[in-house]
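Chains as they are written, first to last, in this note's numbering: chain Y, 196 to 516; chain Z, 15 to 289.
Cβ-to-Cβ under 8 angstroms is the rule here; a few derived chain Y residues that face chain Z:
{"#": "1", "residue": "Trp263"}
{"#": "2", "residue": "Val452"}
{"#": "3", "residue": "Glu471"}
Partial pick of chain Z residues on the chain Y-facing surface, computed with a CB cut under 7 angstroms:
{"#": "4", "residue": "Leu20"}
{"#": "5", "residue": "Pro60"}
{"#": "6", "residue": "Gly61"}
{"#": "7", "residue": "Gly86"}
{"#": "8", "residue": "Arg252"}
{"#": "9", "residue": "Cys260"}
{"#": "10", "residue": "Val264"}
{"#": "11", "residue": "Gly267"}
{"#": "12", "residue": "Glu286"}
Derived by calculation from the structure, the hints in this document are not laboratory data.
Positions of the beta carbon are idealized from the N, C-alpha and C atoms, including for glycine.
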Amino acid sequence: MHSYAWSDELARQLSEGLLRERRVFAPVTAGDGVCRMQPVEEIAGCDCVALPRLPLKKLVLPSRDRLWSLSAEDYLPPAPAPRLAVLGVAPCDLYALAYLDQAFAEDALYRQRREKMLLLGAACSPHPSCRCPTWPAPPPFDLFLAEGRLWVGSAQGESWLSSLDVDLAVGRDEAFPEQFWKGQGPALPTDLTRRFAASAASPLWGRVAARCLSCGACSVVCPTCSCYQIIDEVTPSGQVARHRQWDNCFFRDHALVAGGHNFRPDRASRLRFRFEHKYLGFGDLRGVPSCVGCGRCAQACPVGIDLVKVLESLLAGEVEV
Amino acid sequence: MSHDFLPIAATLTRILPDVADNWLFRFRPQRPLALAPGQFLELSLPGVGVFPVSAANWPTEELVESCIRKAGRVTSALYNLSAGAQIGVRGPFGNGFPLSALIGQDVLLLAGGLGMAPLRGLLHWLLAHREKVGAIMLLYGSRDPASLLFRQELEALTISGIIRARFAVDFAPELPWNSGPVLCRVGLVSELLDDLSFDPQRTVAAVCGPPGLYQCVLEELASLGIAPQRIFATLERRMQCGIGQCCHCVTAGTYICQQGPVFSLAQLRQMEGAV
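Isolated chain Z, as found in the complex (with noise of 0.2 angstroms):
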């Protein structure tokens, strides 16, 4: 009998603690795993839970790549793990970023947190397909210096002109770096915005972050004026089975599992209590 529940066994390969408690899991599915950039897997701890996670890079066939912060029951035993320990993984599920939207467009990436993670899975794709894209801008808010994800890739990525990143955290111990190319600000990351030079005619935006972010980003987005089926947000739920079952995920009537869990921002606007 065909199974909706029964994961595909992984191989964790190797645990990278480069932040603390945002720790970057890496494993190797059974059976290759195709995710896009913005799909979700529900990872598998046997005799312990599931949880929803994204990819943080891409292609995902051999290799995925997750950053999991240290939240919960589930995730917490994940941490007690060690490299060769066997987990399990269902998916991928849900619609991801509109790549094609995206060819031969200027890409603004906007991330808070954690947000980074499944946003590193665009920019990696948009690195692969970098010459059918424009420019790519990163903007990046985080706690504090410490806790930016992917920091030394995400800087030698800027250095070289690949990317331009900005940075912004809402601590600094010591003066955040504000010289040559990667600059890093005390502040809220929707301050980058400011002095941002880019042409929203020709801008494709992609958000993630928390709610919060959401609420003062996404409009002010729009406001600058990159139109609002063009500002894309993926919007964060407690997704248990995936498939448009379990209703934890649902909002304004949507499976944010099924239907998301991306949206444009001129649907965004639809949906009541959404972000």
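Bound-form chain Y, shown alone (with noise of 0.2 angstroms):
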């Protein structure tokens, strides 16, 4: 992988060459303590300050996201995506944006995103909530900045770079040093599947889900979670539109069906279901972990849930298999 020395100047032509093309995000540490990935107009640094307490997905899968609007008898799309640039992004969030475009790889409002942002990671210092496991190999980026140098991960990195008016030509070609992805947690055991059907009806799951306060921060702040349910909106105006809006499979509606039935009726049933979509995936994508930890959900649960100590638990053996 190429890299270049960062300078002075190059930071300098980087922001003013973002500033003038893109809206730009940066995670931003604001007076509350809180760090959250927002609009910036001037350019601080390219680090990873904090974990934005909301991830990407906010950027790619808004929260309220408009499908259409009505109007006459035409349905007219949403409005295109701007092109953005985001920075400071932790590898744990990298990781995830790449399990997001594979879910939504088919999905024509989130590629139009993807492919006008333009993704700047970079390396992160652990806190004591992470929960990375051990990598295969590096996330996916357009850049990274690390230790003094960028790293060019993507042929838009690259050409984008080009464009601007610096000198490059004390660049080098070596491999993505591990130490800026490798994770350091255990990797998953290749038989939780198996595990995972066999603890159907241990104890574990009613136990830890009796603190569960349905609350659904965890999702909220899942940089995997996706799942969301249509909603249809008149305003006053008489405008009608149709939007995707962020759902929470801790909800007690999430699987309840027409006639009444409810195919998770309890929070214990909820509970495994998340750690079914963290640990083996769904659909397509089954064997797939989507846990990427980045340790938010346990920082967000009000009742101190940790769904990486609820995986220790069931690889411990708490449940007979």
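Join these two chains into a complex; the hints should help.
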């Protein structure tokens, strides 16, 4: 992978270039102590200062995402996505975005937003709540800033960089160093599917879920939780629009059907459902874990439920397999 | 830009209120929708919402019929519309019944309540391919005689000998009819299997009904000798997107909207929480 020495001149050119062409998002820790991925008018730096409380999904799958509006008899698609640059993205969030890229590969709205997004990753500093697993390969990015070098991870990154009026002659080629992405947690066991299936009647789920408030905070802050409901809206002026809006598998009516039957009627079954998505995956992505170990869910949970600890309990044989 | 969520406009052409709160809605999509039996649509009332529904007829290129229970906010809004109203549809979604597996076989249709609607679509397909399939048997259970869907049509098919049908109701204000070719009992639909003569080796079963029906009847069909890979059920879930995104329908890690909604009993046995 190609990299260039990070210099004040490169930083200045990059800042000016990005702000000229794109809406720029960067993690900003506000006075309330919360880090948010938010639009910035000037670029203070490209580092990963902290993990934003809401992950990048809010940019590619907004919490309330207009699908169409109705004008007379015509369905109008949403406005085209703006060109974005997102700075200071931690590796776990890059992995999460790579997961959503697969899950929403066929989705026109999502794809359009992703194609217009320039992604600048940055090396992170581990936090006590970090749970990053061991990854087999580096995450996808356009550019990545780490330890005084700017790494180029895509053709888009390369071509954008070459459009700057800056001397990049000092570039060099080497593998993207593992220390920036490798993670530290244990890999998932290969027989997790079997262990999970065998745990259906385990008291583990009920014991943990007994504390759960069904508030859904874990799913809201999760970078790969992306389920939604379809909501129609009629404005006072009569304008009709349809949205997809973040839903939450911890809500009681998530698996309720019209006849009144609820396929996940209790919190234990809903906890198990979320666990299944995070560690085993759904549909075509079965076998692809969607937990990237960012630790947001454990931090957000008001009653201290940590899915990684649930996994550890499952693997520690608290379940008869 | 191509877009997954834009509905196809459709015109309600007729509303047939034969059964209270289970009206049949007939609509003409602006462009042909070739729904295979067992597939589903997302029916859309702009400004109100969407819900998944199957077609109760076949073929569906020109006109689609859907039997819709007045159950929630969106379906109730549909009941306020009249013929000529504009609605929207997306789809078709899902796999549908494995039609090629029915060729040359006897077919046993087993319906509970509103489950008769998608099975009527399959029945229409079977009737259109009458020479290619063996006997067509229908066992249909409902709450009471007045709530039997498509009763006249099913009785006529039975009287003419084109299909063999038996009915069961939970309650009957008067004695159900039990003479002539059309039989109706008070009892469970599964009890209609008790003295049904059929050859399990050459029978394929298609079942549709509420979750309680699946719990009792699917394994019973297997115990009567129909191979589990020849017993099919269509699962009801709260599909909102139809394209494997919104996650409401996920069961045992499977998007019912894409990989289903029709599964064989052999598959269902491997799917925790499916029935």
